[in-house]
Amino acid sequence: AAGVIQSPRHLIKEKRETATLKCYPIPRHDTVYWYQQGPGQDPQFLISFYEKMQSDKGSIPDRFSAQQFSDYHSELNMSSLELGDSALYFCASSLQGGLREQYFGPGTRLTVT
Amino acid sequence: AQKITQTQPGMFVQEKEAVTLDCTYDTSDQSYGLFWYKQPSSGEMIFLIYQGSYDEQNATEGRYSLNFQKARKSANLVISASQLGDSAMYFCAMREPISSGSARQLTFGSGTQLTVLP
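Here the protein sequences line up with chains H and E, keeping their order.
Counting in the working numbering, the first sequence runs from 1 upward without gaps.
Counting in the working numbering, the second sequence runs from 1 upward without gaps.
Since the hints were derived computationally from the structure, they do not count as laboratory data.
A couple of the hints might just be wrong.
As the list claims (entries may be wrong) - Within a straight-line C-alpha distance of at most 30 Å, the following computed DSSO-like cross-link-like pairs (lysine-lysine) qualify: (1) H/52 / E/3; (2) E/73 / H/57; (3) E/16 / H/57; (4) H/13 / E/3.
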């Protein structure tokens, strides 16, 4: 069965650079979530999209932005990167209206040097 | 206020024994979902089991079962017949509905690091 695809899987950037993370949800899933997991921490919600509109917003810095495109894939854009942005970034997808079945992608490990 | 509480930062269990990982939650919603995820050292987040707040029976998935006690707001994960490959971080998470029809994001607990001893 198709799963959530994230690219790239690993990314190394320097401070003040920009990064773009991509997420391709499971086919027919209309909701995408982005989470950030710092070292030794639990995943923290950043932002979500439902039917290409922003649905909910968590602790996403102003330096970050995201969008969902017409084909339902989503991109997380991160600018002016800081050392503290080094983390594992997960994308998850689900179907509208349900409380269950939120599937995670493998994550993108971002390292800021 | 903490929505999901996992009070065991680390747990050890002998191979082939059962282990219970604790999770308590806080919500004012009547409808919600509870999840357990496994995160091995490689980093991926693996879905294990789901319990809906209206489900009358405890969820089971193979060696995993969820001991759901709604009145106590607890959703403990029981792993039977532990295997070495079960060594990982385990997260309890909750998902609450929002009025627009879509569901909220997951809120995670701080996790329990389980180590299975040979």
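Hints, verified against the model:
Restraint check: the Cα-Cα separation between residue 52 of chain H and residue 3 of chain E comes to about 28 Å, which is no more than 30 Å; the hinted pair holds. Under the criterion of a C-alpha separation no larger than 30 Å, the hint pairing residue 73 of chain E with residue 57 of chain H is consistent with the structure, at around 26 Å. At most 30 Å may separate the alpha-carbon atoms for a hinted pair to count; residue 16 of chain E and residue 57 of chain H exceed this at roughly 43 Å. Restraint check for residue 13 of chain H and residue 3 of chain E: not satisfied, since their Cα atoms lie roughly 34 Å apart, outside the 30 Å limit.
Going through the hint list in order, the structure does not satisfy hints 3, 4.
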